[in-house]
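K.L.:
Sequence:
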Amino acid sequence: SAALREAYAEIPLAGGTLRIGRQILPWGRADEINPTDSFVSRNWQWRTPASDDQRFGNDGIEGVVRLGTFAVSGVWMPHMQTTRLPFIDGLQNVAYSTIDGRNNVGLRVDRMGDQVDWGVSYYQGVDLSPSLSASLAALIPRLGWQNYRIQRLGGDFAMGVGRSTVRGELAYTRIEDRIAPTASTLPGQKADYLKAVMGADRDIGEGVNVNIQLVVQHLYGSPELP
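With the numbering used here as the guide, the letters of the sequence shown map in order to residues 7 to 232.
None of these hints come from the bench; they were simulated from the model. The structure displayed is predicted, hence computed values, not measured ones. Glycine residues also receive a C-beta, built at the ideal position from the N, C-alpha and C atoms. Check each hint, because a few of them may be wrong.
As the list claims (entries may be wrong) - Label-pair ranges, simulated between beta-carbon atoms:
1) Leu142 x Ala15: 41 to 51 Å
2) Val126 x Leu19: 15 to 25 Å
3) Arg169 x Ser190: 51 to 61 Å
4) Ile94 x Thr23: 36 to 46 Å
5) Asp95 x Gly74: 45 to 55 Å
6) Leu142 x Tyr102: 13 to 23 Å
Work out the full structure, taking the sequences as your base and the hints as a guide.
P.N.:
Pasting the structure below:
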């Protein structure tokens, strides 16, 4: 078997670039745990030597304009694929729903400095991390993985301090789809949440690197229903 993870055409423009095709577009500067990351899908079931090899791209257009030390990126992804979760006991055979053709857009501003790099971003589109829902129409409930629509506002930074790098990332995610439970369906929607990552890594020599991170997440109650 084979999977096409990334394939795109890059067109240079005056002061920027335009990419068209399947792209892996990671957002955020924290190490591995990136609350602002919205366009990259993953297959956690792939057995790979590095976690980056579990990422696969989505189909759309990215335009980047450079203004001095700033880079402004605009992304439109009309076709997205869901993240595949690790195998969970009892849920191995639960089907993943196909993500419909709703528009997925994002805007990001990055600044590169001598000591501090930072960025802010906004995303509106489908949540690539699925939620577990249930259909109650049959005698035995039928489970399924669903992807609901979200809005996400975030920011991140990385700062050099001697031989160490301090990183931080913060994102607020709002669930747009508000679907009330019915006699035949039970949507497994997430609550709105704020997630933050703060940490530092230090190169202590001879190929040894130490990384410490603190991850905090706050849920804003239960999902609001119409």
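K.L.:
If a hint holds in the structure, say so; if it doesn't, say that too.
P.N.:
Cross-check of the supplied hints:
no. : hint                        : result
1   : Leu142 x Ala15: 41 to 51 Å  : 46 Å, holds
2   : Val126 x Leu19: 15 to 25 Å  : 23 Å, holds
3   : Arg169 x Ser190: 51 to 61 Å : 59 Å, holds
4   : Ile94 x Thr23: 36 to 46 Å   : 40 Å, holds
5   : Asp95 x Gly74: 45 to 55 Å   : 53 Å, holds
6   : Leu142 x Tyr102: 13 to 23 Å : 19 Å, holds
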